[in-house]
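J.: So the chains spell out like this:
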Amino acid sequence: MATVTSVEALAPGDHACLTFSDPDERLDIVAAFVRDGLSRSTKVMCLTESIPQDRLSAELVERGVPAAEALPVNQLSIFGSAESWLADGEPNAAKMIDLLGRHLDDANREGYTGLRVTADMSWVTRPIAAADQLPIFEAEVGKLLGDGRLTAICQYDREIFDAVTQAFAAAVHPHAVAAVVYYEDPVLRICRQHSPPGVRLAGEIDYSHVEELTLALNEALRLDHDIQVNLAKLRFMDAAAAAAITHAALSLPTGRVMSIVCGGVVLRMLRLVGATDLGAVRVVRAHGD
Amino acid sequence: MATDRQSTDRRGPDHRNAAAPTPPAEVALDQTFDAESLVALRSAVAAHGADLGLTEHRVGDLVLVAHELASNAVRHGGATSASPGRLRLWRDGGSVICEVSDTGPGLADPDHVGIRPVPPAASNGRGLWIIRRVVDLLHIDTGPEGTTLTTTLNLDGGAE
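As you go down the protein sequences, you meet chains A and B in turn.
Read in order, the letters of the first sequence correspond to residues 1 to 289 in the numbering used here.
Read in order, the letters of the second sequence correspond to residues 1 to 160 in the numbering used here.
Check the hints yourself; a few may be wrong.
To be clear about the criterion: a stretch of chain A counts as covered by chain B if any three or more of its residues have a C-beta under 8 Å from a C-beta of chain B, and this derived list gives those stretches [as the list claims (entries may be wrong)]:
#	segment
1	14 to 27
2	200 to 214
3	243 to 256
If you're looking for bench data, these hints aren't it; they were derived computationally from the structure.
Using N, Cα and C, we set each Cβ at its ideal position, and we do this for glycine too.
In isolation and in its complexed conformation, chain A is listed as follows (with noise of 0.2 Å):
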């Protein structure tokens, strides 16, 4: 059965999967596992089905990760179903293992550290797609993980998938990445976001949970040098969260930053309480505002 591990510290060797609701937690955590690879001086691939694979380079840019360095030099490459799977019109995870093992003896003579691999799963769901690959895919990464040059996470889409592939996908991987909830009711959620490091509210906040910001603030205060809020999905904020966001920027030291990304009634409210006028904080529109 998966242990639940933080996506900073998979090492090499690890083979996780990654069960996601909530599409932006992935692209997090994708990004900050592609983000590790490359400093780290291993080649990454990435195997991408829902998200296309322009948007999926755009999509790890905006999270902070040196994509565009990357790709020209081939440290970084972008695969899609047609060029992976489904290569010759059919999924045959042979031929994926295949795949994946001459990436790696490249990887090895091209004098990388190793190989790190993500791979979305949904091309499992598609009409032509043979479910009955998947496990013969998932045992034989597994073989190949032996000696600890291989990487890998398998992303799983709880929208698409059935209980019963997740159980086994779940059972089949060692390891689990999830984001670090703080905090999480139908109104509102807290969670560390690992690219850039910070965190991310979803949905309306209020003074009857300034504690939990405040806690999820502070440990990302204390584990980074500059953070991002992230609050792109936040519809509404009052005086009191904003207070406790003001807070935790006055408490920086000079030169570190908080980035704020906000937009609407919420950039609003930290106009009025003052947040935007403080030194440490930069702010940084959110999209379609």
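Please build the complex by placing chain B on the supplied structure of chain A, with the hints as guidance.
T.: Structure of chain B alone, referenced to chain A:
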């Protein structure tokens, strides 16, 4: 009530002693609230604010103001499920009026509460300062029997 204190102004004393807008027989929204129902209250205010003709930006302001008023009533005005606060919302000519009342002990100094900026390091007390900056008119009616705050947002306002 003779002991009641009244204060009407935005940032200065120009509107002192003007009467608070009074609700018509039928209002767009009349809802009671306590700490548990602030989320639903915000959602109702947003829906009705748009119906009353406010722009999207101004609806955001209205929700912000309604929440700060209502959360003040919950945190300081003693609004509970047994003795809930009350919010009424209506259109008056070119304005939308939002009135929030509680039966708490009243404000100590309605003439001066929230007229100065609150320093970033302060732990609380921002609500009324923010409300005064967002609304076009604020009327405070407070006494030992409770507090009613009435805010006016002009349909063509919200330049700030």
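J.: Does each hint fit the structure? Answer for all of them.
T.: Structure-based check of each hint:
For the segment 14 to 27 of chain A, the proposed coverage by chain B is not satisfied: 0 residues have a C-beta within less than 8 Å of a C-beta in that chain, short of the threshold of three. Counting residues of the segment 200 to 214 of chain A whose CB falls under 8 Å from any CB of chain B gives 4; the rule of at least 3 is met. Requiring three or more residues with a Cβ within less than 8 Å of a Cβ of chain B, the coverage given for the segment 243 to 256 of chain A holds, as 4 such residues are present.
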